[in-house]
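Novice: Listed below are the residues making up each chain.
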Amino acid sequence: GQNIDQPTEMTATEGAIVQINCTYQTSGFNGLFWYQQHAGEAPTFLSYNVLDGLEEKGRFSSFLSRSKGYSYLLLKELQMKDSASYLCAVLSSDYKLSFGAGTTVTVRA
Amino acid sequence: GAVVSQHPSWVICKSGTSVKIECRSLDFQATTMFWYRQFPKQSLMLMATSNEGSKATYEQGVEKDKFLINHASLTLSTLTVTSAHPEDSSFYICSARDLGQGDYNEQFFGPGTRLTVL
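Protein sequence lines correspond, in order, to chains E and P. For the first sequence, the numbering used here begins at 1 and goes up steadily by one. For the second sequence, the numbering used here begins at 1001 and goes up steadily by one.
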């Protein structure tokens, strides 16, 4: 099974940087996803890491260390619209996604 | 990009009735679709994996006789909540894998269906 941990809440100021950490324990690993979810909506894809290292995509970057069971999502130049829940999800060897509980990010002016 | 739709987007029903939710992949074929449930302020929990032309695989603790899944074609999977009760009220989300993007292993999510059982 999977055990995925991420902080419950984070608050940051508009224009700042926030890093959301995710640790996981898995019996099989096929990659790690980060999703953004606004209240009442489905998750939207942000990033995918399957190899160690940093993946950069605009204002969002994601890092993975498989040996440490650790990932982070970095949000730069925060905007008010970035206020949302951010979900860390691990893809197992049977292609099932297991989600963390989500981190609610609040961006303040 | 790959688009997944769900219908209805929200539904209110009386306790004891059955509700059917449709999940469609609009511009790709999906041999595998997934059904998730999300309670307020909680994360998505996988309920079952739906495979085209075969029986669904249910996660532990999910009653297969209560949550009927049919995956009759490569673009459509349905979830029927039978004899719904207030505790079944939740946000139901489906996702689908696009076999044409195998390198990414990405699942594309539908917009979700909000079920409220009175």
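Just to be clear, a hint being listed does not mean it is correct.
Unchecked claim - Below, simulated PhoX-like cross-link-like pairs (lysine-lysine); rule was C-alpha separation at most 20 angstroms, straight line:
hint: 1; chain 1: E; residue 1: 96; chain 2: E; residue 2: 57
hint: 2; chain 1: P; residue 1: 1020; chain 2: E; residue 2: 96
hint: 3; chain 1: P; residue 1: 1066; chain 2: P; residue 2: 1014
hint: 4; chain 1: P; residue 1: 1014; chain 2: E; residue 2: 96
hint: 5; chain 1: P; residue 1: 1020; chain 2: P; residue 2: 1064
hint: 6; chain 1: P; residue 1: 1055; chain 2: P; residue 2: 1041
Read the hints as simulated data drawn from the structure, not as lab findings.
Novice: Which numbered conditions among the earlier hints are violated in the structure presented, ordered from lowest to highest?
Specialist: 1, 2, 4, 6
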